[in-house]
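Relying on the hints, combine the two individually framed chains into one complex.
Protein chains in written order, with my numbering: chain A, 709 to 1041; chain B, 13 to 272.
No lab work stands behind these hints, which were simulated from the structure alone.
No experiment lies behind these values; they were computed from the predicted model shown.
Virtual Cβ for every residue (Gly too), placed ideally from N, Cα, C.
Each hint should be verified, as a subset may be incorrect.
[Claimed, not checked] In silico DSBU-like links for lysine-lysine, alpha-carbon gap of 35 angstroms or less: (1) K954(A) / K91(B); (2) K954(A) / K47(B); (3) K928(A) / K47(B); (4) K928(A) / K954(A); (5) K928(A) / K91(B).
[Claimed, not checked] Here are some chain A residues the structure puts well away from chain B; computed CB gaps all over 10 angstroms: (6) S788; (7) Q795; (8) P810; (9) V864; (10) W879; (11) Q937; (12) D939; (13) L941; (14) T943; (15) A946; (16) M961; (17) I1006; (18) G1024; (19) M1037; (20) G1038.
[Claimed, not checked] Listed next, with one range per pair, are the computed distances between beta-carbon atoms: (21) F28(B) / A1035(A): 39 to 45 angstroms; (22) P56(B) / M877(A): 38 to 44 angstroms; (23) A1035(A) / G76(B): 50 to 56 angstroms; (24) T75(B) / D873(A): 52 to 58 angstroms; (25) H259(B) / S869(A): 39 to 45 angstroms; (26) S16(B) / S869(A): 52 to 58 angstroms; (27) V1025(A) / P106(B): 46 to 52 angstroms.
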Amino acid sequence: MSDTAPIAAQGAGVGRSGRVALWARSLGGGLAPVLTVVAALVALWYLACIPMNASQSVLDASRAGIEVTPASPSDRRGMSGTALALQNPGVALSNAYVQDRPKLPAPHQVAAELWTGLAGAAPTSPRSLIYHGWVTLSATGLGFAIGTVMGILLAVGIVHSRVMDMSVMPWAIISQTIPIIAIAPMIIVVLYSVGIQGLVPKAIISAYLSFFPVVVGMVKGLRSPDAMQIDLLRTYGASRGEMFWKLRLPSSMPYLFASLKIGFAASLVGAIVGELPTGATAGLGARLLAGSYYGQTIQIWSALFAAAILAALSVGVIGALERGLLARMGMRR
Amino acid sequence: MTASPVIRAKGLNLTFQTNDGPVHALKDVDLDVSKGEFVSFIGPSGCGKTTFLRCVAGLETPTGGELSVDGMSPEEARKARAYGYVFQAAGLYPWRTIGGNIRLPLEIMGYSREEKAERVKNTLELVDLAGFEKKFPWQLSGGMQQRASIARALSFDAPILLMDEPFGALDEIVRDRLNEELLALWARTEKTMLFVTHSIPEAVYLSTKIVVMSPRPGRISDVIESPLPRERPLDIRDSREFIEVAHRVREGLRAGMEAA
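The following block holds chain B by itself, in its conformation from the complex (with noise of 0.2 angstroms):
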């Protein structure tokens, strides 16, 4: 973890203009995340947490400030193919197979016939979808669309994951298993994560680092170096060091709302 960071965000600012006037989502954002960490993005809802990430995946433009992904601008990142990125929803195309929907992203990007296949049978077996590649998505479970929908965004093989919420609308059982496994797909793909989310115990089990922001405007209250081993069995979250974490993060958040 002593590499140049992947992504270097340096006073970063985003003012959307609106009817009731300017709305500052991002002020003086600095923030290095370095290859293979895992980095969670917590706070109420207006901090600004989705719109880092989508200022990270060249889907708005920074009014301000300096950003640069894998080295890149932004823009160039995304037409680079640099990251995948998962959406709260699954938002599969309900016209095609899970099999054509991950097959989508390497369609664009043209792959050979060969390399699609090849590639579509590797990540379903990754997110443990294999066998359902005929299924359309409505004869699949919430969590496994969710899983499908990280699959098509591992299927190009991007360095970078951004994850906006992906479980968020996934009850706290199925929420627990995805988490796990996750973390296991992140050990064994070695990807740069960002993660956002509303769920302190979500976030602590899964960083290596934990971003805590305040909203109005959106800035980051503080970041927290997690001391727990990247080997993380469910029950980690009973320990003292966990409870320890997610503390901090609690009262990084109150800390920022009182700031507001």
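Excised from the complex, chain A in its bound form (with noise of 0.2 angstroms):
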């Protein structure tokens, strides 16, 4: 059999360096088009910003003495932006990326906005993104946490006990079409009553969204081994504790993983939908809420980008863990 060692070897050379490859590949080829497709998208944000704030550059305009047609501002209240800029091309154009309040801001203004809230102020003072986006991130990542726990428990239950299969499924699926924008304030109020508030009723709206991936990614990932490989336990006399541990759970790892992602981005938009109702003055939601309440567009833009930032980087976390864990495993080629 020794002829059979080199050939395994060399399967295995091909495997790492097949990898390394992918991986350069996918960085030299894979950027030139995401580059593309993000240029693509700020032009047509820039572009999308003439008729947009068209109204409001003629009235500039037409207020600091220059021309506009048509004159009377009765006549311009019912045309749209597009015809207001093509009768006004000079005005809308030199207009459109300068004002306080447009209502589509520009790439420029989000971005200098977003950076005055990152670096312009002090981490812990109300004026800083940062500052926000932990009040926010903290009640996520609570809920997050929650609602993982409860998910993967709840899956346990549903594969082990046909009661639970049938009786809890239906009402994750029920709890997840009712619209949150509808029961975040009567949480929040229920729990108030109480004298819950702040931290944990925001987290209870980020649970209640995060854990139905859960639930269904884990379902699918503890029953995902075959009818073979449950055989080959019961020969050995295994119980269904040892059936668990050494088969179901490191093959839901794939499921679990995918769930999370999901998971995190809806909890985070209930921790944003929870901040909304209170009126609270901390969190992202706050910012959207207060920005929308004084016609802030930048502010609102700003916080919205805070967030997917936020996001974004929260579901690298986990990507990477994801990666991590399933190296260790074996199970990444």
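If you want it as structure tokens, here you go:
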């Protein structure tokens, strides 16, 4: 059998160098298309600013004494942004990106506001996006943890008990058909009446949204071993506990991580929604709410982007954990 | 081979209830297997050869008749870990190394740390995979994976080895070599082997006893005691005795099909 050894060794070598090559390719060949798409989106965004902000651009120009068509504000009222921009191209273009409260802020305005929020104030100051991001992230994290633990426990119950399978799953599905925007104020009001406020109500709303993908993913994952693998353990006289720890749980790991990524995004949405009805003073949700009260569109957009960056970073962390764990388990090739 | 049978089936019946009505997977199966025999089960799909093996393993419960394994009921034999089972696919856990896969039954059976290490090493040598302990299954070829799964079934040294078309998915060349190795393994360990196959040459080459089965209902149509010596080089397949036995198996299969 000595002739088979080099074959296996070669196969292993191919796998490894193939992985490196793939990495290099995705870096070199993958970056250009990604940047192209980003550039196209930014260009489209800049273009969209012109008609979106046209009515304010024309108004500002006419107040500054520049002649615009039509000259009367009442004639302009019914016109679309596109029509106004086409009739006053110079003014619409020059004023599109400099307004204080544009309908659609330009990317560089959002970026500047985002930068001020991230770097322009001490991280503990209420003017800092890091401060608001942290408030939201802590509620998200707590809710995500509660939701994940609950989701895994429910999935274990569903897989091992027919009664739970029949009774819990329908309720889990129904729970997700209720709009969170309807149930979030109720949760907050009910908990406030029993003296719980602040982090916990938001975390509960987060957990409410994030347990579901974990349940669905883990039920699928825990059931993923095929009949043969289960029979194999039965031939060893394995108990249900051993079947769980040695077969079902390891098999479910790829499913768990897919669920965790969805669950985290849902958690973040839950925490932000949880900040809206309380009139909270801190958190990205509060920033969104304050921005929309005062028509501060740039603030809204920067808070939105802060939330998106937060989600991207967190999902990236989960992805790194996944890669680390699966590599340790030998399941990544 | 005069000792009392290791496996004894008497009037064994198994009927599956399906949506299309009952299916008679096994009908009145009588069979004795003595210690140290190599018994092959051959027949077309649906003849019940795998079902019989699963009954012996306690994975299916017969609906009638008697079946004893090593003097116990199949259920007791399963709990007593009286047999190792090799499935059609290697079914190694991708998250365990080859060593880890072989250690799996030993962990469940509660062997000590030293004994586990010792047994993993020994069985890997037995199937000629020494040095592959730390590799993951995907780093091995299909034939090597199936050898590892045989090692896994051998690791706890059960007196009986049940094999359900273990080489069915492998190509002819690999299969020939594994057949040769399996015979050597059998000679060294003196285990009782039950081996399900689709291949006539494989059955004749390996077995001391060939059980020919036929479908609808699944039953035994012939039991052939092989006249071939225990020592079998691969080229025994060109000998007159070998061809005669193969011919008898083919006749048995044909007769079974016509009766059905």
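Verification of the supplied hints:
1. K954(A) / K91(B): Given that 35 angstroms is the threshold and the Cα spacing comes to 18 angstroms, the pair holds.
2. K954(A) / K47(B): holds, 33 angstroms
3. K928(A) / K47(B): Distance of about 44 angstroms is beyond 35 angstroms: violated.
4. K928(A) / K954(A): Holds. K928(A) to K954(A) sits at ~17 angstroms (cutoff 35 angstroms).
5. K928(A) / K91(B): OK: K928(A) and K91(B) at ~29 angstroms, within 35 angstroms.
6. S788: holds, 59 angstroms
7. Q795: The assertion about Q795(A) holds, with a minimum of 66 angstroms to chain B.
8. P810: At about 53 angstroms from chain B, P810(A) clears the 10 angstroms cut-off, so the statement holds.
9. V864: holds, 19 angstroms
10. W879: Per Cβ check, W879(A) is outside 10 angstroms of chain B; nearest 31 angstroms; holds.
11. Q937: violated, 6 angstroms
12. D939: Non-interface label fails for D939(A): nearest chain B Cβ at 6 angstroms, not farther than 10 angstroms.
13. L941: violated, 7 angstroms
14. T943: violated, 4 angstroms
15. A946: violated, 5 angstroms
16. M961: Given a closest Cβ separation of 8 angstroms, the condition is violated.
17. I1006: holds, 49 angstroms
18. G1024: It holds; G1024(A) is separated from chain B by about 24 angstroms at its closest Cβ, greater than 10 angstroms.
19. M1037: Not fine: 4 angstroms to the nearest Cβ puts M1037(A) too close to chain B.
20. G1038: Nearest chain B Cβ is 4 angstroms from G1038(A), so the label is violated.
21. F28(B) / A1035(A): 39 to 45 angstroms: holds, 43 angstroms
22. P56(B) / M877(A): 38 to 44 angstroms: holds, 42 angstroms
23. A1035(A) / G76(B): 50 to 56 angstroms: Between A1035(A) and G76(B), where Cβ atoms are some 52 angstroms apart, the hint holds.
24. T75(B) / D873(A): 52 to 58 angstroms: This hint is violated: roughly 28 angstroms between Cβ atoms.
25. H259(B) / S869(A): 39 to 45 angstroms: violated, 56 angstroms
26. S16(B) / S869(A): 52 to 58 angstroms: Since the Cβ atoms of S16(B) and S869(A) sit about 44 angstroms apart, the hinted range of 52 to 58 angstroms is violated.
27. V1025(A) / P106(B): 46 to 52 angstroms: Given range 46 to 52 angstroms: violated, Cβ gap about 25 angstroms.
Violation of the numbered hints given earlier is confined to hints 3, 11, 12, 13, 14, 15, 16, 19, 20, 24, 25, 26 and 27; the remaining hints are satisfied by the structure.
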